[in-house]
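> Sequence:
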Amino acid sequence: MPTYNEAESLPVIADELLALPLPGLRLLVVDDNSPDGTGEIADELAKRHPGRVEVLHRTVKDGLGRAYVAGMTLAVERGAEYVLQMDADGSHAVAYVPQLIGSALATGAGFVVGSRYVPGGRLASEWAPHRRLLSRWANRYVGAVLRTGLRDATAGFVLWHADVVRALHLEQVRSNGYCFQVELKYAAVRAGCPAVEIPIRFEERRQGASKMSAGVQLEAAVLPWRLLLGDLAAGRAGRAGAVIRPAARRRAGTGRRWP
1 MPTYNEAESL PVIADELLAL PLPGLRLLVV DDNSPDGTGE IADELAKRHP GRVEVLHRTV
61 KDGLGRAYVA GMTLAVERGA EYVLQMDADG SHAVAYVPQL IGSALATGAG FVVGSRYVPG
121 GRLASEWAPH RRLLSRWANR YVGAVLRTGL RDATAGFVLW HADVVRALHL EQVRSNGYCF
181 QVELKYAAVR AGCPAVEIPI RFEERRQGAS KMSAGVQLEA AVLPWRLLLG DLAAGRAGRA
241 GAVIRPAARR RAGTGRRWP
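Numbering (the working numbering), first residue to last: 1 to 259.
Bear in mind the hints are in silico, worked out from the structure with no lab data behind them. Check each hint, because a few of them may be wrong.
What follows is a list of derived Cβ distance ranges for each label pair [as the list claims (entries may be wrong)]: (1) His49 with Arg166: 37 to 45 Å; (2) Glu81 with Val60: 24 to 32 Å; (3) Ala95 with Arg52: 13 to 21 Å; (4) Arg174 with Arg136: 19 to 27 Å; (5) Gly120 with Tyr141: 18 to 26 Å; (6) Ala106 with His57: 31 to 39 Å; (7) Asp43 with Pro23: 20 to 28 Å; (8) Gly51 with Arg140: 37 to 45 Å; (9) Leu133 with Leu74: 34 to 42 Å; (10) Arg26 with His169: 31 to 39 Å; (11) Ala93 with Arg48: 30 to 38 Å.
Straight-line Cα separation of at most 20 Å, EDC-like style, residue types lysine to aspartate or glutamate; simulated pairs [as the list claims (entries may be wrong)]: (12) Lys47 with Asp62; (13) Lys47 with Glu8; (14) Lys61 with Glu40; (15) Lys61 with Glu204; (16) Lys47 with Asp15; (17) Lys61 with Glu81; (18) Lys47 with Glu81; (19) Lys61 with Asp36.
Model, not experiment: these values are computed from the prediction. A virtual CB, placed ideally from N, CA and C, is assigned to each residue, including glycine.
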(Lines of atoms letter the chains of each structure in order from A and count residues from 1; the text may use other names and numbers.)
(Lines give C-alpha, C1' and ligand atoms only; values in the text may rest on other atoms or scores of the structure.)
Protein backbone atom coordinates (compact mmCIF):
# COMPACT_ATOMS: atom_id res chain seq x y z
CA MET A 1 0.00 0.00 0.00
CA PRO A 2 1.87 3.11 -1.19
CA THR A 3 1.07 6.28 0.73
CA TYR A 4 1.62 9.99 0.34
CA ASN A 5 -0.38 12.32 2.60
CA GLU A 6 -2.88 9.66 3.66
CA ALA A 7 -2.80 10.43 7.42
CA GLU A 8 -6.57 10.43 7.87
CA SER A 9 -7.51 7.41 5.78
CA LEU A 10 -4.61 5.01 6.45
CA PRO A 11 -5.61 4.00 10.02
CA VAL A 12 -9.20 3.34 8.89
CA ILE A 13 -8.15 1.20 5.91
CA ALA A 14 -5.55 -0.64 7.99
CA ASP A 15 -8.08 -1.52 10.69
CA GLU A 16 -10.56 -2.77 8.07
CA LEU A 17 -7.90 -4.93 6.42
CA LEU A 18 -6.61 -6.45 9.64
CA ALA A 19 -10.17 -7.27 10.73
CA LEU A 20 -10.66 -9.56 7.72
CA PRO A 21 -10.78 -13.28 8.57
CA LEU A 22 -7.48 -13.84 6.79
CA PRO A 23 -4.88 -14.81 9.40
CA GLY A 24 -2.04 -14.80 6.88
CA LEU A 25 -2.71 -11.23 5.75
CA ARG A 26 0.08 -8.73 6.37
CA LEU A 27 0.15 -5.05 5.48
CA LEU A 28 3.23 -3.35 4.04
CA VAL A 29 2.95 0.43 3.90
CA VAL A 30 5.37 2.17 1.53
CA ASP A 31 5.48 5.83 2.51
CA ASP A 32 7.15 8.45 0.33
CA ASN A 33 8.16 10.80 3.16
CA SER A 34 4.65 12.26 3.51
CA PRO A 35 4.74 15.78 4.98
CA ASP A 36 1.43 15.20 6.79
CA GLY A 37 2.91 12.53 9.08
CA THR A 38 1.53 9.44 7.34
CA GLY A 39 4.83 7.65 7.86
CA GLU A 40 4.71 8.21 11.61
CA ILE A 41 1.13 6.96 11.75
CA ALA A 42 2.19 3.86 9.83
CA ASP A 43 4.97 3.28 12.37
CA GLU A 44 2.37 3.44 15.17
CA LEU A 45 0.26 0.87 13.35
CA ALA A 46 3.31 -1.39 13.10
CA LYS A 47 3.87 -1.10 16.86
CA ARG A 48 0.22 -1.94 17.55
CA HIS A 49 0.26 -4.91 15.16
CA PRO A 50 3.73 -6.49 15.37
CA GLY A 51 4.28 -9.09 12.70
CA ARG A 52 1.24 -7.97 10.72
CA VAL A 53 2.14 -4.39 9.73
CA GLU A 54 5.49 -3.27 8.35
CA VAL A 55 6.57 0.13 7.03
CA LEU A 56 9.04 0.92 4.26
CA HIS A 57 10.12 4.56 4.37
CA ARG A 58 11.38 6.07 1.12
CA THR A 59 13.16 9.40 1.31
CA VAL A 60 12.76 10.29 -2.37
CA LYS A 61 9.34 10.71 -3.94
CA ASP A 62 10.01 9.48 -7.47
CA GLY A 63 6.61 8.19 -8.46
CA LEU A 64 3.96 5.62 -7.65
CA GLY A 65 5.60 3.05 -9.89
CA ARG A 66 8.87 3.13 -7.98
CA ALA A 67 6.99 2.83 -4.68
CA TYR A 68 5.20 -0.26 -5.96
CA VAL A 69 8.43 -1.80 -7.23
CA ALA A 70 10.03 -1.33 -3.81
CA GLY A 71 7.01 -2.63 -1.91
CA MET A 72 6.22 -5.63 -4.10
CA THR A 73 9.87 -6.67 -4.19
CA LEU A 74 10.10 -6.54 -0.39
CA ALA A 75 6.80 -8.39 0.05
CA VAL A 76 8.03 -11.30 -2.07
CA GLU A 77 11.35 -11.31 -0.23
CA ARG A 78 9.39 -11.57 3.03
CA GLY A 79 7.74 -14.75 1.78
CA ALA A 80 4.35 -13.53 0.55
CA GLU A 81 2.52 -16.02 -1.69
CA TYR A 82 0.26 -13.29 -3.08
CA VAL A 83 0.86 -9.55 -3.28
CA LEU A 84 -2.11 -7.19 -3.41
CA GLN A 85 -1.81 -3.64 -4.72
CA MET A 86 -4.37 -1.24 -3.30
CA ASP A 87 -4.74 2.46 -2.55
CA ALA A 88 -4.84 3.92 0.95
CA ASP A 89 -7.46 6.58 0.18
CA GLY A 90 -10.51 4.33 0.43
CA SER A 91 -11.20 4.05 -3.28
CA HIS A 92 -10.55 0.30 -3.15
CA ALA A 93 -13.08 -1.32 -0.83
CA VAL A 94 -11.57 -3.80 1.62
CA ALA A 95 -14.62 -6.06 1.22
CA TYR A 96 -13.34 -7.16 -2.21
CA VAL A 97 -10.03 -8.52 -0.89
CA PRO A 98 -11.37 -12.02 -0.07
CA GLN A 99 -13.01 -12.14 -3.51
CA LEU A 100 -9.72 -11.34 -5.23
CA ILE A 101 -7.94 -14.07 -3.28
CA GLY A 102 -10.75 -16.56 -3.85
CA SER A 103 -10.69 -15.90 -7.59
CA ALA A 104 -6.93 -16.48 -7.71
CA LEU A 105 -7.22 -19.75 -5.80
CA ALA A 106 -10.19 -20.98 -7.82
CA THR A 107 -8.78 -20.23 -11.27
CA GLY A 108 -5.01 -20.44 -10.84
CA ALA A 109 -4.69 -16.99 -12.40
CA GLY A 110 -1.33 -15.29 -12.23
CA PHE A 111 -3.07 -12.01 -11.43
CA VAL A 112 -6.60 -10.88 -10.63
CA VAL A 113 -7.83 -7.37 -11.43
CA GLY A 114 -10.52 -5.56 -9.46
CA SER A 115 -12.15 -4.11 -12.56
CA ARG A 116 -14.46 -1.15 -13.06
CA TYR A 117 -15.30 -2.07 -16.64
CA VAL A 118 -16.42 -5.68 -16.69
CA PRO A 119 -20.15 -6.45 -16.27
CA GLY A 120 -21.11 -5.55 -12.71
CA GLY A 121 -18.23 -3.13 -12.25
CA ARG A 122 -18.94 0.56 -11.76
CA LEU A 123 -17.60 3.93 -10.70
CA ALA A 124 -18.68 5.94 -7.67
CA SER A 125 -21.61 8.20 -8.39
CA GLU A 126 -19.55 11.16 -7.15
CA TRP A 127 -17.25 10.95 -10.14
CA ALA A 128 -17.65 13.91 -12.46
CA PRO A 129 -18.42 13.24 -16.15
CA HIS A 130 -14.97 14.36 -17.30
CA ARG A 131 -13.27 11.90 -14.91
CA ARG A 132 -15.47 9.06 -16.17
CA LEU A 133 -14.71 9.97 -19.76
CA LEU A 134 -10.96 10.20 -19.14
CA SER A 135 -10.85 6.85 -17.37
CA ARG A 136 -12.85 5.01 -20.02
CA TRP A 137 -10.94 6.64 -22.86
CA ALA A 138 -7.60 5.71 -21.26
CA ASN A 139 -8.55 2.04 -21.05
CA ARG A 140 -9.84 1.93 -24.61
CA TYR A 141 -6.71 3.69 -25.83
CA VAL A 142 -4.44 1.23 -24.02
CA GLY A 143 -6.51 -1.69 -25.26
CA ALA A 144 -6.37 -0.52 -28.86
CA VAL A 145 -2.59 -0.07 -28.80
CA LEU A 146 -1.42 -2.95 -26.61
CA ARG A 147 -4.28 -5.47 -27.08
CA THR A 148 -3.97 -6.95 -23.60
CA GLY A 149 -7.53 -8.23 -23.63
CA LEU A 150 -8.11 -6.56 -20.27
CA ARG A 151 -11.03 -4.18 -19.86
CA ASP A 152 -9.38 -2.28 -16.99
CA ALA A 153 -5.67 -2.19 -17.76
CA THR A 154 -5.20 1.00 -15.72
CA ALA A 155 -6.66 -0.51 -12.52
CA GLY A 156 -4.60 -0.27 -9.35
CA PHE A 157 -6.49 -2.92 -7.34
CA VAL A 158 -4.62 -6.06 -8.40
CA LEU A 159 -3.64 -9.34 -6.75
CA TRP A 160 -0.43 -10.95 -8.05
CA HIS A 161 0.92 -14.42 -7.43
CA ALA A 162 4.47 -14.16 -6.07
CA ASP A 163 5.82 -16.40 -8.85
CA VAL A 164 4.61 -13.88 -11.41
CA VAL A 165 6.12 -10.94 -9.51
CA ARG A 166 9.50 -12.70 -9.51
CA ALA A 167 9.29 -13.61 -13.18
CA LEU A 168 8.45 -10.05 -14.28
CA HIS A 169 11.76 -8.64 -12.97
CA LEU A 170 10.34 -5.46 -11.47
CA GLU A 171 13.74 -3.77 -11.50
CA GLN A 172 13.33 -3.50 -15.28
CA VAL A 173 10.03 -1.58 -15.09
CA ARG A 174 10.44 1.85 -16.69
CA SER A 175 7.30 3.68 -15.56
CA ASN A 176 7.46 6.06 -12.64
CA GLY A 177 3.83 7.08 -12.29
CA TYR A 178 0.41 5.51 -12.71
CA CYS A 179 1.60 3.94 -15.97
CA PHE A 180 3.22 1.27 -13.83
CA GLN A 181 -0.22 -0.37 -13.73
CA VAL A 182 -0.34 -0.67 -17.51
CA GLU A 183 3.29 -1.67 -18.01
CA LEU A 184 3.19 -4.52 -15.51
CA LYS A 185 -0.06 -5.99 -16.82
CA TYR A 186 1.18 -5.72 -20.40
CA ALA A 187 4.40 -7.53 -19.51
CA ALA A 188 2.45 -10.29 -17.78
CA VAL A 189 -0.08 -10.76 -20.59
CA ARG A 190 2.66 -10.67 -23.24
CA ALA A 191 4.44 -13.47 -21.35
CA GLY A 192 1.29 -15.60 -21.35
CA CYS A 193 0.35 -15.09 -17.73
CA PRO A 194 -3.30 -16.09 -17.10
CA ALA A 195 -5.46 -13.20 -15.91
CA VAL A 196 -8.93 -12.77 -14.42
CA GLU A 197 -11.00 -9.60 -13.92
CA ILE A 198 -13.72 -9.40 -11.26
CA PRO A 199 -16.20 -6.52 -10.96
CA ILE A 200 -15.81 -3.89 -8.24
CA ARG A 201 -17.37 -0.55 -7.41
CA PHE A 202 -14.58 2.01 -7.44
CA GLU A 203 -15.29 4.38 -4.54
CA GLU A 204 -14.66 8.09 -4.23
CA ARG A 205 -11.55 8.78 -2.18
CA ARG A 206 -12.18 9.45 1.50
CA GLN A 207 -9.65 12.27 1.73
CA GLY A 208 -7.04 14.17 -0.26
CA ALA A 209 -6.83 15.14 -3.90
CA SER A 210 -5.90 13.31 -7.06
CA LYS A 211 -2.18 13.11 -7.81
CA MET A 212 -2.83 12.87 -11.55
CA SER A 213 -0.62 15.68 -12.87
CA ALA A 214 -0.15 16.84 -16.46
CA GLY A 215 3.19 15.04 -16.52
CA VAL A 216 1.56 11.79 -15.44
CA GLN A 217 -1.09 12.14 -18.16
CA LEU A 218 1.61 12.74 -20.77
CA GLU A 219 3.47 9.63 -19.63
CA ALA A 220 0.23 7.69 -19.90
CA ALA A 221 -0.31 8.84 -23.48
CA VAL A 222 3.22 7.95 -24.60
CA LEU A 223 3.84 4.71 -22.70
CA PRO A 224 1.70 2.28 -24.77
CA TRP A 225 3.52 3.26 -27.94
CA ARG A 226 6.89 3.11 -26.20
CA LEU A 227 6.17 -0.42 -24.99
CA LEU A 228 4.85 -1.56 -28.35
CA LEU A 229 7.70 -0.04 -30.36
CA GLY A 230 10.22 -1.43 -27.90
CA ASP A 231 8.86 -4.91 -28.48
CA LEU A 232 8.91 -4.46 -32.24
CA ALA A 233 12.50 -3.24 -32.14
CA ALA A 234 13.47 -6.27 -30.07
CA GLY A 235 11.67 -8.65 -32.40
CA ARG A 236 9.16 -9.44 -29.65
CA ALA A 237 11.88 -11.35 -27.84
CA GLY A 238 9.69 -11.39 -24.74
CA ARG A 239 7.31 -13.85 -26.39
CA ALA A 240 10.04 -16.41 -26.92
CA GLY A 241 10.41 -17.22 -23.22
CA ALA A 242 8.48 -19.73 -21.14
CA VAL A 243 4.90 -18.86 -20.31
CA ILE A 244 4.62 -17.36 -16.83
CA ARG A 245 2.28 -19.40 -14.65
CA PRO A 246 2.10 -19.73 -10.87
CA ALA A 247 3.93 -22.86 -9.78
CA ALA A 248 1.17 -23.82 -7.34
CA ARG A 249 -2.60 -24.09 -7.26
CA ARG A 250 -3.17 -24.23 -11.02
CA ARG A 251 -6.81 -25.13 -11.65
CA ALA A 252 -9.07 -25.89 -14.57
CA GLY A 253 -10.19 -22.62 -16.07
CA THR A 254 -6.78 -20.99 -15.92
CA GLY A 255 -6.53 -18.13 -18.33
CA ARG A 256 -10.23 -17.27 -18.49
CA ARG A 257 -11.05 -13.63 -18.23
CA TRP A 258 -14.27 -12.26 -16.87
CA PRO A 259 -16.98 -12.71 -17.96
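> Now, for every hint given, state plainly whether the structure supports it.
Here is how each hint holds up against the structure:
1. His49 with Arg166: 37 to 45 Å: Check failed, 27 Å falls outside 37 to 45 Å.
2. Glu81 with Val60: 24 to 32 Å: Holds - the Cβ-Cβ distance for Glu81 and Val60, about 30 Å, lies within 24 to 32 Å.
3. Ala95 with Arg52: 13 to 21 Å: holds (19 Å)
4. Arg174 with Arg136: 19 to 27 Å: holds (25 Å)
5. Gly120 with Tyr141: 18 to 26 Å: Since Gly120 and Tyr141 have Cβ atoms about 23 Å apart, the given range 18 to 26 Å holds.
6. Ala106 with His57: 31 to 39 Å: Cβ of Ala106 to Cβ of His57: about 36 Å, so the range 31 to 39 Å holds.
7. Asp43 with Pro23: 20 to 28 Å: Holds: the Cβ-Cβ distance is about 23 Å, inside 20 to 28 Å.
8. Gly51 with Arg140: 37 to 45 Å: holds (44 Å)
9. Leu133 with Leu74: 34 to 42 Å: holds (37 Å)
10. Arg26 with His169: 31 to 39 Å: violated (23 Å)
11. Ala93 with Arg48: 30 to 38 Å: Check failed, 23 Å falls outside 30 to 38 Å.
12. Lys47 with Asp62: violated (27 Å)
13. Lys47 with Glu8: holds (18 Å)
14. Lys61 with Glu40: holds (16 Å)
15. Lys61 with Glu204: violated (24 Å)
16. Lys47 with Asp15: holds (13 Å)
17. Lys61 with Glu81: violated (28 Å)
18. Lys47 with Glu81: violated (24 Å)
19. Lys61 with Asp36: holds (14 Å)
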